[in-house]
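Number of protein chains: 4
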Amino acid sequence: MRHTAVLLISCPDQKGLVAAIADFLLAHDANILHADQHQDAELKLFLMRVEWDLAGFDLDLADFGAAFAPIAERFGMSWRLAESSRKPRMAVFVSKFDHCLADLLYRYQSGELHCELPIILSNHEDTRWLAEAYRVPYQHLAVSKDTKHEAEQVQLAILRNQKIDFIVLARYMQVLSPEFIRHYPNRILNIHHSFLPAFHGAKPYHRAFERGVKLIGATAHYVTETLDDGPIIEQDVARISHRDSLDDLIKKGADLEKVVLSRAVKWHLDNRVLVYANKTVVFD
Amino acid sequence: MRHTAVLLISCPDQKGLVAAIADFLLAHDANILHADQHQDAELKLFLMRVEWDLAGFDLDLADFGAAFAPIAERFGMSWRLAESSRKPRMAVFVSKFDHCLADLLYRYQSGELHCELPIILSNHEDTRWLAEAYRVPYQHLAVSKDTKHEAEQVQLAILRNQKIDFIVLARYMQVLSPEFIRHYPNRILNIHHSFLPAFHGAKPYHRAFERGVKLIGATAHYVTETLDDGPIIEQDVARISHRDSLDDLIKKGADLEKVVLSRAVKWHLDNRVLVYANKTVVFD
Amino acid sequence: MRHTAVLLISCPDQKGLVAAIADFLLAHDANILHADQHQDAELKLFLMRVEWDLAGFDLDLADFGAAFAPIAERFGMSWRLAESSRKPRMAVFVSKFDHCLADLLYRYQSGELHCELPIILSNHEDTRWLAEAYRVPYQHLAVSKDTKHEAEQVQLAILRNQKIDFIVLARYMQVLSPEFIRHYPNRILNIHHSFLPAFHGAKPYHRAFERGVKLIGATAHYVTETLDDGPIIEQDVARISHRDSLDDLIKKGADLEKVVLSRAVKWHLDNRVLVYANKTVVFD
Amino acid sequence: MRHTAVLLISCPDQKGLVAAIADFLLAHDANILHADQHQDAELKLFLMRVEWDLAGFDLDLADFGAAFAPIAERFGMSWRLAESSRKPRMAVFVSKFDHCLADLLYRYQSGELHCELPIILSNHEDTRWLAEAYRVPYQHLAVSKDTKHEAEQVQLAILRNQKIDFIVLARYMQVLSPEFIRHYPNRILNIHHSFLPAFHGAKPYHRAFERGVKLIGATAHYVTETLDDGPIIEQDVARISHRDSLDDLIKKGADLEKVVLSRAVKWHLDNRVLVYANKTVVFD
Numbered sequence: 000m001r002h003t004a005v006l007l008i009s010c011p012d013q014k015g016l017v018a019a020i021a022d023f024l025l026a027h028d029a030n031i032l033h034a035d036q037h038q039d040a041e042l043k044l045f046l047m048r049v050e051w052d053l054a055g056f057d058l059d060l061a062d063f064g065a066a067f068a069p070i071a072e073r074f075g076m077s078w079r080l081a082e083s084s085r086k087p088r089m090a091v092f093v094s095k096f097d098h099c100l101a102d103l104l105y106r107y108q109s110g111e112l113h114c115e116l117p118i119i120l121s122n123h124e125d126t127r128w129l130a131e132a133y134r135v136p137y138q139h140l141a142v143s144k145d146t147k148h149e150a151e152q153v154q155l156a157i158l159r160n161q162k163i164d165f166i167v168l169a170r171y172m173q174v175l176s177p178e179f180i181r182h183y184p185n186r187i188l189n190i191h192h193s194f195l196p197a198f199h200g201a202k203p204y205h206r207a208f209e210r211g212v213k214l215i216g217a218t219a220h221y222v223t224e225t226l227d228d229g230p231i232i233e234q235d236v237a238r239i240s241h242r243d244s245l246d247d248l249i250k251k252g253a254d255l256e257k258v259v260l261s262r263a264v265k266w267h268l269d270n271r272v273l274v275y276a277n278k279t280v281v282f283d
Numbered sequence: 000m001r002h003t004a005v006l007l008i009s010c011p012d013q014k015g016l017v018a019a020i021a022d023f024l025l026a027h028d029a030n031i032l033h034a035d036q037h038q039d040a041e042l043k044l045f046l047m048r049v050e051w052d053l054a055g056f057d058l059d060l061a062d063f064g065a066a067f068a069p070i071a072e073r074f075g076m077s078w079r080l081a082e083s084s085r086k087p088r089m090a091v092f093v094s095k096f097d098h099c100l101a102d103l104l105y106r107y108q109s110g111e112l113h114c115e116l117p118i119i120l121s122n123h124e125d126t127r128w129l130a131e132a133y134r135v136p137y138q139h140l141a142v143s144k145d146t147k148h149e150a151e152q153v154q155l156a157i158l159r160n161q162k163i164d165f166i167v168l169a170r171y172m173q174v175l176s177p178e179f180i181r182h183y184p185n186r187i188l189n190i191h192h193s194f195l196p197a198f199h200g201a202k203p204y205h206r207a208f209e210r211g212v213k214l215i216g217a218t219a220h221y222v223t224e225t226l227d228d229g230p231i232i233e234q235d236v237a238r239i240s241h242r243d244s245l246d247d248l249i250k251k252g253a254d255l256e257k258v259v260l261s262r263a264v265k266w267h268l269d270n271r272v273l274v275y276a277n278k279t280v281v282f283d
Numbered sequence: 000m001r002h003t004a005v006l007l008i009s010c011p012d013q014k015g016l017v018a019a020i021a022d023f024l025l026a027h028d029a030n031i032l033h034a035d036q037h038q039d040a041e042l043k044l045f046l047m048r049v050e051w052d053l054a055g056f057d058l059d060l061a062d063f064g065a066a067f068a069p070i071a072e073r074f075g076m077s078w079r080l081a082e083s084s085r086k087p088r089m090a091v092f093v094s095k096f097d098h099c100l101a102d103l104l105y106r107y108q109s110g111e112l113h114c115e116l117p118i119i120l121s122n123h124e125d126t127r128w129l130a131e132a133y134r135v136p137y138q139h140l141a142v143s144k145d146t147k148h149e150a151e152q153v154q155l156a157i158l159r160n161q162k163i164d165f166i167v168l169a170r171y172m173q174v175l176s177p178e179f180i181r182h183y184p185n186r187i188l189n190i191h192h193s194f195l196p197a198f199h200g201a202k203p204y205h206r207a208f209e210r211g212v213k214l215i216g217a218t219a220h221y222v223t224e225t226l227d228d229g230p231i232i233e234q235d236v237a238r239i240s241h242r243d244s245l246d247d248l249i250k251k252g253a254d255l256e257k258v259v260l261s262r263a264v265k266w267h268l269d270n271r272v273l274v275y276a277n278k279t280v281v282f283d
Numbered sequence: 000m001r002h003t004a005v006l007l008i009s010c011p012d013q014k015g016l017v018a019a020i021a022d023f024l025l026a027h028d029a030n031i032l033h034a035d036q037h038q039d040a041e042l043k044l045f046l047m048r049v050e051w052d053l054a055g056f057d058l059d060l061a062d063f064g065a066a067f068a069p070i071a072e073r074f075g076m077s078w079r080l081a082e083s084s085r086k087p088r089m090a091v092f093v094s095k096f097d098h099c100l101a102d103l104l105y106r107y108q109s110g111e112l113h114c115e116l117p118i119i120l121s122n123h124e125d126t127r128w129l130a131e132a133y134r135v136p137y138q139h140l141a142v143s144k145d146t147k148h149e150a151e152q153v154q155l156a157i158l159r160n161q162k163i164d165f166i167v168l169a170r171y172m173q174v175l176s177p178e179f180i181r182h183y184p185n186r187i188l189n190i191h192h193s194f195l196p197a198f199h200g201a202k203p204y205h206r207a208f209e210r211g212v213k214l215i216g217a218t219a220h221y222v223t224e225t226l227d228d229g230p231i232i233e234q235d236v237a238r239i240s241h242r243d244s245l246d247d248l249i250k251k252g253a254d255l256e257k258v259v260l261s262r263a264v265k266w267h268l269d270n271r272v273l274v275y276a277n278k279t280v281v282f283d
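Chains as they are written, first to last, in numbering that gives the first Met the number 0: chain S, 0 to 283; chain L, 0 to 283; chain X, 0 to 283; chain V, 0 to 283.
Simulated from the structure, these hints should not be mistaken for lab results. Ideal placement from N, C-alpha and C gives every residue a C-beta, glycine not left out. Some clues are possibly wrong.
Unchecked claim - Just the calculated beta-carbon pair ranges, DEER-fashion:
{"id": "1", "chain 1": "X", "residue 1": "Glu-209", "chain 2": "V", "residue 2": "Ala-66", "range": "33 to 41 Å"}
{"id": "2", "chain 1": "S", "residue 1": "Ser-84", "chain 2": "V", "residue 2": "Gly-200", "range": "32 to 40 Å"}
{"id": "3", "chain 1": "L", "residue 1": "Gly-75", "chain 2": "S", "residue 2": "Arg-206", "range": "29 to 37 Å"}
{"id": "4", "chain 1": "S", "residue 1": "Ser-109", "chain 2": "X", "residue 2": "Glu-82", "range": "35 to 43 Å"}
Said to hold, decoys possible - With a straight-line cut-off of 30 Å between C-alpha atoms, the simulated BS3-like cross-links for lysine-lysine are:
{"id": "5", "chain 1": "L", "residue 1": "Lys-14", "chain 2": "V", "residue 2": "Lys-147"}
{"id": "6", "chain 1": "V", "residue 1": "Lys-95", "chain 2": "V", "residue 2": "Lys-147"}
{"id": "7", "chain 1": "X", "residue 1": "Lys-202", "chain 2": "X", "residue 2": "Lys-162"}
{"id": "8", "chain 1": "L", "residue 1": "Lys-86", "chain 2": "V", "residue 2": "Lys-278"}
{"id": "9", "chain 1": "V", "residue 1": "Lys-147", "chain 2": "L", "residue 2": "Lys-86"}
{"id": "10", "chain 1": "S", "residue 1": "Lys-95", "chain 2": "S", "residue 2": "Lys-251"}
{"id": "11", "chain 1": "V", "residue 1": "Lys-251", "chain 2": "L", "residue 2": "Lys-278"}
{"id": "12", "chain 1": "L", "residue 1": "Lys-251", "chain 2": "V", "residue 2": "Lys-278"}
{"id": "13", "chain 1": "X", "residue 1": "Lys-147", "chain 2": "S", "residue 2": "Lys-251"}
{"id": "14", "chain 1": "V", "residue 1": "Lys-202", "chain 2": "V", "residue 2": "Lys-251"}
{"id": "15", "chain 1": "X", "residue 1": "Lys-43", "chain 2": "X", "residue 2": "Lys-95"}
{"id": "16", "chain 1": "L", "residue 1": "Lys-86", "chain 2": "L", "residue 2": "Lys-144"}
{"id": "17", "chain 1": "S", "residue 1": "Lys-43", "chain 2": "V", "residue 2": "Lys-86"}
{"id": "18", "chain 1": "S", "residue 1": "Lys-265", "chain 2": "X", "residue 2": "Lys-278"}
{"id": "19", "chain 1": "X", "residue 1": "Lys-202", "chain 2": "X", "residue 2": "Lys-250"}
{"id": "20", "chain 1": "S", "residue 1": "Lys-251", "chain 2": "L", "residue 2": "Lys-265"}
{"id": "21", "chain 1": "V", "residue 1": "Lys-86", "chain 2": "V", "residue 2": "Lys-43"}
{"id": "22", "chain 1": "S", "residue 1": "Lys-278", "chain 2": "X", "residue 2": "Lys-14"}
{"id": "23", "chain 1": "S", "residue 1": "Lys-250", "chain 2": "X", "residue 2": "Lys-95"}
{"id": "24", "chain 1": "L", "residue 1": "Lys-162", "chain 2": "L", "residue 2": "Lys-278"}
{"id": "25", "chain 1": "S", "residue 1": "Lys-95", "chain 2": "S", "residue 2": "Lys-265"}
{"id": "26", "chain 1": "L", "residue 1": "Lys-95", "chain 2": "V", "residue 2": "Lys-278"}
{"id": "27", "chain 1": "X", "residue 1": "Lys-162", "chain 2": "X", "residue 2": "Lys-43"}
{"id": "28", "chain 1": "V", "residue 1": "Lys-147", "chain 2": "S", "residue 2": "Lys-251"}
{"id": "29", "chain 1": "S", "residue 1": "Lys-251", "chain 2": "L", "residue 2": "Lys-86"}
{"id": "30", "chain 1": "S", "residue 1": "Lys-251", "chain 2": "X", "residue 2": "Lys-144"}
{"id": "31", "chain 1": "X", "residue 1": "Lys-202", "chain 2": "V", "residue 2": "Lys-202"}
{"id": "32", "chain 1": "X", "residue 1": "Lys-147", "chain 2": "X", "residue 2": "Lys-162"}
{"id": "33", "chain 1": "L", "residue 1": "Lys-250", "chain 2": "V", "residue 2": "Lys-147"}
Can you make the complete structure from the sequences, with help from the hints?
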């Protein structure tokens, strides 16, 4: 495994941006491995992801901010730097459905997800066996209408304590409060079991079955304060027919949910996702 | 080309149905080519499509109704009989966008659509050249808010005059009145340029672009009195990314619209589509 | 869960077949839940799958063969009867890659695969931990060129001993001998990591990468004596681009392999697959 | 429509490349609209596509070569410059099947294909009516085994005469000679009616039907001297089932062929395709 750095940039589009960044990296002897950029013609925005090998890079990453500041200021950049050697710390929230959790655990264990997984939090005990099979700490915390606020305070304390970087809702059936969400802006990933914006809210498979659609979908998105309305990271669909019962939809949908959520988590971990205007750019 | 008959049946599910139908067809020496059935477990409905070779069939189709009546009555069947030798008569309604029209004309001309096409009706002149290239009669009829009722009366007269069996709205940008629709129940096919029920109504590509979806869709459905709410016949999607402008969405969507609409028209022509509970069964 | 029976039939196509079967089932008061048939026009073959509720069926399934024999003989049928109450016994063969095994184990444990799984056989120890996590017996048996014949004899003894009905090769990297295969005709399912017949044989991802294809595939098929040439049960593909390294192909392919293999296993378990002319009919 | 320039570059990967290009463009006041690059880690190759607005660009494109030469030499670049204001001149070769031709003609006429189409060449008369409907010159040239060499000489003369930039084989059923191909390296696009490398050569649908595949495919590629072996530009697949006859495969395949070929032609026209190592990079 190479030791690399990823720089994510967004700023108003303007002449000289790419030259300034390329010159800066060259001046410090960066060996660029991947570079990708996007210009939103309508909003006049420039977004970039550049990854370079840290072998030979002559700048200590602790000094990167200070060295890059003149360029960032000149172009009005928002930027973020990530090092491949540092594994982000992920928490998974789950309720009773275990298919997404099982999928994430397998990918985590196999090394496909380049992260730490110090804690699984659940409002049920049903999926504890899976956590134990994969030897990941599991904490049960009952949540009811009345105890939700207190439960969230406990959850937040655990997350802080575990130095969690981002949260994956793996079919977690509780709606998080705006206050909770504000602690992790664009750092809570949810899987919704429909092709959003169709069937946002409760029981999407029931409503898809009722409506007689010919494809079902799943959507991974960042959680915002408006339910099922956050920036979409990934979507996919599967074909169904009149022969499929509601139960078949739920089963076929589970396979979609797993793969859509895991793609979103991987891209998030690879620092490929940039959010703007309630949309995402996913650099591939 | 074989000369065949297709029988479409729907009725409450009950024992003895298949035996009764099979015995009836055998008694008249039918050589069954395809048979397909569907049982809706929830609604306790039985739906069937059976196609047989008319060579050797010992019943004149003119007498079919009388001969089949005892079975139909015993099981409370709705049924419909179609002969492959009779080509249904299709009318196409179109506005300014011509991609679906061009596609239908090519398929019609090549014999892929087994129908007559005696008339194309449009509220614009833009697509006349295409009709002329394919030598299909084209009639222009301006429609405005004020003249809509009268225009529909003229349209209905033309359709009656031409003995039209069903209508295809090939990106026709006018909303038909409930009165008009009642003349052609489950016989008006529309293509909507979104993955319904997402983005029903106006400007779906604009709204899809705004929302930042990762797939766009198209939906062919029968027109009912509620806009974009009729039984869905076919849907499909195409992947897009942040690199796609609104204009790219419209272009990629056009290819989807063509293929989704043409599939729906073919299935309708092949008597493969049965409507129940605002859904369709598409026998393949 | 209903207690049902499934009858699978194949025979030369001829008049009166459906009537004879429907009359027989009606005579014994069968409540048909699903029926599907296929006629191969070219080969003049008739294939059928019919499933009925055993509640109310007045024939003991032990007597089915004798009662059905006159019809079977009259039409020259091959047929097979399966009862939903009897869970088939599956063995899984695996080598070092564990993604398909992990997927099958999860689906087995969740009840999605309606079968028993008394044994996992492997020529490596690498995946034992997964079997243990899911509490499924695991047996290691080293296989080399020289010991292959003996190893197969041991494997066959274990399979006999465990009364195995069918075998799933979940990325098992050994080629089975024709002699072994003859013990389980159309009862060994393999997943090949390409879109067959493209890239049959070894290292398909390497060759796909080399060739510069734009989609990769996976194929589930029954194993026959000719390598990668058996009847195809299911295939699917995923889009790749020039940005995907060989390693990306392998990872994206793993997700395909899992879903394609698990669909094939489910259909096999549901008695939906009929083999003829080195092809399959998959009744949906 | 903006007046833009596209620069395509390929060279050995090395430090300073991006900075050199970006600095050069900035020095001439280029307003970059899109930039995309790819690094092949294995072959240590750098490939880039950059598009800028010519409004404000202070270098006459006639002088571009001379101005860019020092950079090109320093890094050992192969490069190509294209101007959006110059429409490439396309020739279409066709035989009897007309679906791809009809599709290309519609897209050409609607402005979707940004090119000139001065000539359609065919070894049959069957598709002349389509050319006439779209008012595109059509020339018939019979080709037989014996006259092939002479026919190609005539074809080459016509192409030269018409200043043709690239050729699209829209289901042209003759194999072009290596000599002919050498005149248009990576400038002859072919549509093959299978998912290459599966079923290369003759009658792919027949062989797909025979093999019992569950998906059919189509492949657009550049023509090289080895049949069906050139760099793949685009591929796509469609699902089929046992219910599909050979004729159904051919019909479903036709829809695939149209869309795959038209995507490839559009990308070629947009200067998005770079060939290396018998593969393509398609910059999106």
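Status of the hints after comparison with the structure:
no. : hint                               : in the structure
1   : Glu-209(X) x Ala-66(V): 33 to 41 Å : holds (38 Å)
2   : Ser-84(S) x Gly-200(V): 32 to 40 Å : violated (50 Å)
3   : Gly-75(L) x Arg-206(S): 29 to 37 Å : holds (30 Å)
4   : Ser-109(S) x Glu-82(X): 35 to 43 Å : holds (38 Å)
5   : Lys-14(L) x Lys-147(V)             : violated (67 Å)
6   : Lys-95(V) x Lys-147(V)             : holds (17 Å)
7   : Lys-202(X) x Lys-162(X)            : violated (34 Å)
8   : Lys-86(L) x Lys-278(V)             : violated (48 Å)
9   : Lys-147(V) x Lys-86(L)             : violated (43 Å)
10  : Lys-95(S) x Lys-251(S)             : holds (18 Å)
11  : Lys-251(V) x Lys-278(L)            : holds (25 Å)
12  : Lys-251(L) x Lys-278(V)            : holds (25 Å)
13  : Lys-147(X) x Lys-251(S)            : violated (39 Å)
14  : Lys-202(V) x Lys-251(V)            : holds (15 Å)
15  : Lys-43(X) x Lys-95(X)              : violated (44 Å)
16  : Lys-86(L) x Lys-144(L)             : violated (35 Å)
17  : Lys-43(S) x Lys-86(V)              : holds (28 Å)
18  : Lys-265(S) x Lys-278(X)            : violated (38 Å)
19  : Lys-202(X) x Lys-250(X)            : holds (14 Å)
20  : Lys-251(S) x Lys-265(L)            : holds (27 Å)
21  : Lys-86(V) x Lys-43(V)              : violated (33 Å)
22  : Lys-278(S) x Lys-14(X)             : violated (60 Å)
23  : Lys-250(S) x Lys-95(X)             : holds (28 Å)
24  : Lys-162(L) x Lys-278(L)            : holds (27 Å)
25  : Lys-95(S) x Lys-265(S)             : holds (23 Å)
26  : Lys-95(L) x Lys-278(V)             : violated (40 Å)
27  : Lys-162(X) x Lys-43(X)             : violated (36 Å)
28  : Lys-147(V) x Lys-251(S)            : violated (54 Å)
29  : Lys-251(S) x Lys-86(L)             : violated (39 Å)
30  : Lys-251(S) x Lys-144(X)            : violated (41 Å)
31  : Lys-202(X) x Lys-202(V)            : holds (27 Å)
32  : Lys-147(X) x Lys-162(X)            : holds (22 Å)
33  : Lys-250(L) x Lys-147(V)            : violated (39 Å)
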